[in-house]
Amino acid sequence: MASLTSLASLGEATTATPDGRPRGLRTRQRRRLNVFRYLVFTVFGLFFLVPLLAMIRFSLQGSRAGSWSLAAWRQIASYQGTGVPPLISAVEITLELAVITSVVMLMLLVPTMIWIRLRVQWISRLFEFLCLLPLTIPAIVLVVGLGPVYNRIQHYNLSALMLFWVYVVLALPYAYRALAAGLNTLDVRTLSEAARSLGAGWLTVMLRVIVPNMWQAILNSLLLTWALVLGEFTIAYLLLYENLQVELYSISRNTPNAGVLFSTSAASLIFAFLLLLVLSFVGRRRSRG
Amino acid sequence: MEGLSRRYGQVVALDRLDLTVRPGELVVLLGPSGCGKTTTLRLLAGLEDADAGQINVGGRDITHLPANKRDMGMVFQAYSLFPHMTVLENVAFGLRLRRIGRAARMRRARQMLDLVGLSQQADRYAHQISGGQQQRVALARALAIEPQVLLLDEPLSALDAKVRAQLRDEIRRIQLEVGITTLFVTHDQEEALAIADRVGVMRDGHLEQLGSPLEVYSRPATSFVAEFVGLTNRLAGEVRSPGTVTVRGCGLPLVDPGVPAGPVVALVRPEAVSVASNGAGSDGVPGDSPDGAGGGPLEGTVIATTFLGAVSRITVDLGDTTVMAQVPTADASALPAGSRVRLTIRPDPVLVASGSQS
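As you go down the protein sequences, you meet chains L and H in turn.
Heads up: the first sequence begins at 1 in this note's numbering, then just goes up one per residue.
Heads up: the second sequence begins at 1 in this note's numbering, then just goes up one per residue.
Heads up, some of the hints might be wrong.
Stated by the list, open to error - Where chain L lies over chain H, by a calculated footprint (3+ residues, C-beta under 8 Å):
1) 73-79
2) 94-102
3) 141-148
Think of the hints as simulated: they come from the structure by calculation, not from any bench.
Ideal placement from N, C-alpha and C gives every residue a C-beta, glycine not left out.
Bound conformation, chain L alone (with noise of 0.2 Å):
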């Protein structure tokens, strides 16, 4: 196969003795690594993409074989009765609880996160196991422990919006992986010394002279944070409580045609991930300018 006789050829190129020709030798063992690369990548991402093309290919399957229909898209639209479509309301919830759980987030972690750095070192290793606690505790585990405290929210009747703090929880080791990366680039303690010695104080440091530096690490846990709130689906159902997913969910219970399972997968997935082209375009954007 292609990829065993490139790894052979390196290894040859690297025994063989080139005392004639180094240059030749690295640009030849270059093109090598990058046939491999391309072939790597090529590999795995036909593993991802076909799965989801032969998705969409169902989904817009007709009722003889062969044919193509939009039966199923259109199924997603569709309602009975009046008032706002329930899609619609449960799009409109999950971008609010999106929006919510990313603020509280970001206010919760970067200020603490720059202020061990900066004072409180020693406790970095227990905070950084707390934060990604999270990881190792499966959904519906957590929806047990959640229970009871969800029962007694739900006897106040608030919005499905409060799923935001346990999606805090939930996306809090993502968000502190991207952020603590954004921290290592910088030299916090000498940036934040020389400022202070300029005459800042706490405040005007932490947001005029380390937050700046940190634009790429904070859209980066942006990213993963709306990723996880777009895709939640396991919470939200076992409260009962109705975000994108669930909603998709019971559309495609509902109706007899299978393809509307498919369809409404396709949707969720292209919506997110267009979702976050928009952000990470707004975050190069911002890094170029």
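With chain L held as given, fit chain H onto it using these hints.
Using the frame of chain L, we list chain H on its own:
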């Protein structure tokens, strides 16, 4: 600073340090790592708190004032420019904090950049200029706020040798032009001697000596200073009569006439030792100390020559010990390794190593 003390757990970083810097003076704190010089600077800046003692600036007690209220400019060892701002914005940062209007701010920032010679780089970012240029911008930034004191924490350590030499002269020039009281910390004695009004040699949290560069070099107060600042030969000798030590047959005056009689270790500078070829065979008088294969106590063989530019350092094996001599390079080239030579020690006053008297 009076009675300044600072400890980290069991380690005493500063032990009741007293230091007064006069207005407009440039004092360099010199010493090996861990001697407490950086701690002193950071205590002065307010970046750390003293355990005991007092700090007065301009007659005012600032010991308990937080760092951002101390009106001091500081240049750090690590590159400290704000990456998200241009050079001009960096320099203007301190002024912006003091709510100075934009026009006045930019004018002063440009003035400062002129002072350090970087007006062309005003719109560049930190990652687009060299290390030496970054430190100059840091200096401009520190001076822009017109502080009472300028603090420099080994600002040249991260730079390469040539840039270091140029920049240290620049710093001195600017400091004299602005006339600002400055405290400079370094472990490089060449730097210290080149630019200081006074040098404070520190060790283990104490000031060993505080004086002009010439004083510290030619009249070291302790053997630590003698051995840290410049090179020294340690030669066995004996004090027979008060005020004179006999080293390898030569009588040398002592800095401290009160040294009691007995065997001592004398500290002799390499530039006090001159080397002459001894090709005609030995005719030296045998001295009191045993020597190598024949010849007088100051006769030996050249082991190595280190080329240092205008001068060269010759290492001579005298049989039982080696001695370093510093001679003009032209003379050194006539004495390759293996040549037999005779040394002469100039009768400059010498120190004896403390603890070497029995």
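Hint check:
1. 73-79: Since 5 is at least three, the answer is holds.
2. 94-102: holds (count 3)
3. 141-148: That given contact holds, which follows from 3 residues of the segment 141-148 of chain H lying within Cβ reach (below 8 Å) of chain L.
The earlier numbered hints are all upheld by this structure, with none contradicted.
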